[in-house]
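> Take a look at the letters that make up each chain.
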Amino acid sequence: MTPQAPPRRDVAIVAFAQTRCRRRTDELSEVEMLMPVLHEVLRRTGLKTGDIGFTCSGSSDYLAGRAFSFTMALDGVGAWPPISESHVEMDGAWALYEAWVRLLTGEADTALVYAYGKSSPGALRKVLTRQLDPYYLAPLWPDSVALAALQAQTLIDAGRADEAALAAVAARSRTAAADNPRAQLTAPTLDGGYVVAPLRTADCPPIGDGAAAVVLAAGDRARRLCPRPAWIRGMDHRTEAHSPGVRDLTDSPSTRQAAERAGAFDRPVDTAELHAPFTSQEIVLRTALGLDDRVAVNPSGGALAANPMMAAGLIRLGEAAARIGRGASDRALAHATSGPCLQQNLVAVLEGDPEGDPGE
Amino acid sequence: MTATPAPGAPLSAPLVVEFPFTRSLGPVQSAFLTGLRERTVLGVRTDAGTVLVPPVEYDPETAGELRDLVRVAPAGTVTTWAWNPAPTSGQPLPTPFAWVLVRLDGADSALLHALDAPGPDAVRTGMRVRIRWAGRRSGAITDIACFEPCRDAPGEDWPRPHSGRFDDPVTGFVAPARLEYTYAPGRAQSAYLHALAERRTVGERCPSCRKVYVPPRGACPTCGVATAEQVEVGPRGTVTTFCIVNIKAKNAAIEVPYVYAHIALDGADLALHGRIGGIPYDRVRMGLRVEPVWTDDGRYPDHYRPTGEPDADYDTYKELL
Chain A
11 MTPQAPPRRD VAIVAFAQTR CRRRTDELSE VEMLMPVLHE VLRRTGLKTG DIGFTCSGSS
71 DYLAGRAFSF TMALDGVGAW PPISESHVEM DGAWALYEAW VRLLTGEADT ALVYAYGKSS
131 PGALRKVLTR QLDPYYLAPL WPDSVALAAL QAQTLIDAGR ADEAALAAVA ARSRTAAADN
191 PRAQLTAPTL DGGYVVAPLR TADCPPIGDG AAAVVLAAGD RARRLCPRPA WIRGMDHRTE
251 AHSPGVRDLT DSPSTRQAAE RAGAFDRPVD TAELHAPFTS QEIVLRTALG LDDRVAVNPS
311 GGALAANPMM AAGLIRLGEA AARIGRGASD RALAHATSGP CLQQNLVAVL EGDPEGDPGE
Chain B
-6 MTATPAPGAP LSAPLVVEFP FTRSLGPVQS AFLTGLRERT VLGVRTDAGT VLVPPVEYDP
54 ETAGELRDLV RVAPAGTVTT WAWNPAPTSG QPLPTPFAWV LVRLDGADSA LLHALDAPGP
114 DAVRTGMRVR IRWAGRRSGA ITDIACFEPC RDAPGEDWPR PHSGRFDDPV TGFVAPARLE
174 YTYAPGRAQS AYLHALAERR TVGERCPSCR KVYVPPRGAC PTCGVATAEQ VEVGPRGTVT
234 TFCIVNIKAK NAAIEVPYVY AHIALDGADL ALHGRIGGIP YDRVRMGLRV EPVWTDDGRY
294 PDHYRPTGEP DADYDTYKEL L
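Protein sequences appear in the order of chains A and B. The numbering used here numbers the first residue of the first sequence as 11 and each following residue consecutively. The numbering used here numbers the first residue of the second sequence as -6 and each following residue consecutively.
What the hints contain is simulated information worked out from the structure, not anything from laboratory work. All values derive from a computational prediction rather than experimental measurement. Note that beta-carbon positions come from the ideal geometry of N, C-alpha and C, so glycine has one too. Any given hint could be a false lead.
What the hints assert, rightly or not - Now the in silico label distances, taken between C-beta atoms and shown as ranges:
| # | chain 1 | residue 1 | chain 2 | residue 2 | range |
| --- | --- | --- | --- | --- | --- |
| 1 | A | 46 | B | 260 | 53 to 63 angstroms |
| 2 | B | 273 | A | 77 | 28 to 38 angstroms |
| 3 | B | 54 | A | 37 | 27 to 37 angstroms |
| 4 | B | 57 | A | 263 | 19 to 29 angstroms |
| 5 | A | 91 | B | 193 | 32 to 42 angstroms |
| 6 | B | 40 | A | 364 | 45 to 55 angstroms |
| 7 | A | 197 | B | 1 | 29 to 39 angstroms |
| 8 | B | 81 | A | 34 | 33 to 43 angstroms |
With the hints as constraints, model all of the structure from the sequences given.
Shown next as structure tokens:
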């Protein structure tokens, strides 16, 4: 596998904001939930909507059962005079990918990326069955926890994990989230009963509503907008077959391939923000990415502490960038996933300029 | 909406999204699902020679078109499982069951389904299971009712050749989907609906451009900022533009032709839409002054009728077209 050619422009994450993830937000419409994070990233960069070269969002109408909700969400952007805009019916990490490509082409110097998900109006486990193959899977209504549990059992059968190891992932994530004011769960939870065995309540992400936004900028523009931009050194996404029965569920070759093409293995990273909604999936991803104990994995608490659908992957990129911005990381890996049992995976490598070096 | 909400409280209401998806089948899917109807399980051979069950139209690795069908056994081996203690509607069994991936004898991939077992202690990876067929079969994955434990040794003589041809093949199916939500419209629209319950129309003003939006959605789509200042508008307004509806909608009680119009309520900077009544359809015009007509149990105006005032001057509403 040949690593991809280096991007011909340097593009960075220069601002990130997220709502606190909450179980319910009945008092807010989607745009009312989203607007504060849009305003926050614009305020931090001093940009106005009219200054943004490209806007891209990720959301899914199925979550709240509201058709064309993303057009309503645009009300919060202020899309007049008309803006250059796009939307993906995926996690916002893929919207960020589209925006990154747009900036690499030189068509824009700045991009606003946002994502939101209100899971509270529906029965999320049932709603997510509707993303499955409509011929062989969806008619059986296999929910998201059931599919993750099938994957977890393959790890247990392979001797790669046991229930204690899964519980340790849950406890570590939620302990880390104590420092994250936006997380939904900020302390270890009781193991609880089996939701779908071998996964217990503690192995599953909390269901919540939330939104996140990121501003990307290219080259000198990024340096002017942010004291320490998180430069995107590489980013790639890869998908595997949809059917869980044709895959080795103990492994994530698509994650490994995306990481390779993003340049993640060229030099060690100090931080990894992994989008692993289920404890077992963190174990699969750690192995696929070859992460050892020297890497801080999910210092934010990860998706086990807050998993707003469609935003949780974008939040991984945002958390990694924020950590670089604070000087707590110099080289971070950010990962996002989509589909059942880690079907599709995106990996980005972010770097800060060396301390004391303006980056020229 | 909720019957008697507290004033100003966020509203919520049940919302059911239900749709029948009509799915057409490719030749491989058609053979597989028709086979299930006939209690025959088919797989497809990939370019690499492996047998996929359930079969797909295109090779997952090479994307090549796959057509080489084979028959596999109705029994197989569990490759992984997960115990579901609380089945929900639509799932294969109403009582607790194991989700399983099963590699049928003769297949190289595994099929997702349910295993009917007395409890998780009766399930393990590697156990032998066989198909329990549904009593009524139509050519769907649910023609397999579920799997059940069995003691059959793995069959040696699978897969077997199969033409994939059946009488009266299934070419499609309708997949119903029903999702239940509790819809909450949020702060701005809740306030609008509360006022409407009192037959008042309340919009919200943008703090930046000062426009009044009716109905309000909580944000100014031009400025991208939150609206909050509530402004009562109407009840009278001006027809800014209109159309004449000549085709009767299914189940609509209104006789055609009738007029559907954009109406700028006095004080609003966005026109809403409504039906115009109380005037022959061919006499409705831009600038016509109208007022709402409520029915006894109406939650919103049934229609708008002329007020008898002189028509509004074009310059007063040209920005609202």
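> Given a hint of 29 to 39 angstroms, does the C-beta separation of residue 197/A and residue 1/B actually sit inside it?
Once the Cβ atoms are compared, 34 angstroms apart, the range 29 to 39 angstroms for residue 1/B and residue 197/A holds.
> How does the Cβ-Cβ distance of residue 46/A and residue 260/B compare with 53 to 63 angstroms: does it lie in that range?
Violated - the Cβ-Cβ distance for residue 46/A and residue 260/B, about 29 angstroms, lies outside 53 to 63 angstroms.
> Holds or violated: the 28 to 38 angstroms window for the beta-carbon distance between residue 273/B and residue 77/A?
Given about 36 angstroms between the Cβ atoms, the range holds.
> Verify the CB-CB distance for residue 40/B and residue 364/A against the hinted window 45 to 55 angstroms.
About 50 angstroms separates the Cβ atoms of residue 40/B and residue 364/A, which means 45 to 55 angstroms holds.
> Does the Cβ distance between residue 54/B and residue 37/A fall inside 27 to 37 angstroms?
With Cβ atoms ~50 angstroms apart, the hint is violated.
> Given a hinted range of 33 to 43 angstroms, is it respected by the beta-carbon distance of residue 81/B and residue 34/A?
Roughly 21 angstroms apart at Cβ, these two residues miss the hinted range, so it is violated.
> Kindly confirm whether 32 to 42 angstroms is satisfied by the beta carbon distance between residue 91/A and residue 193/B.
34 angstroms, holds
> Does the Cβ distance between residue 57/B and residue 263/A fall inside 19 to 29 angstroms?
At 20 angstroms between Cβs, range holds.
The structure fails hints 1, 3, 8 (numbered hints given earlier, in ascending order).
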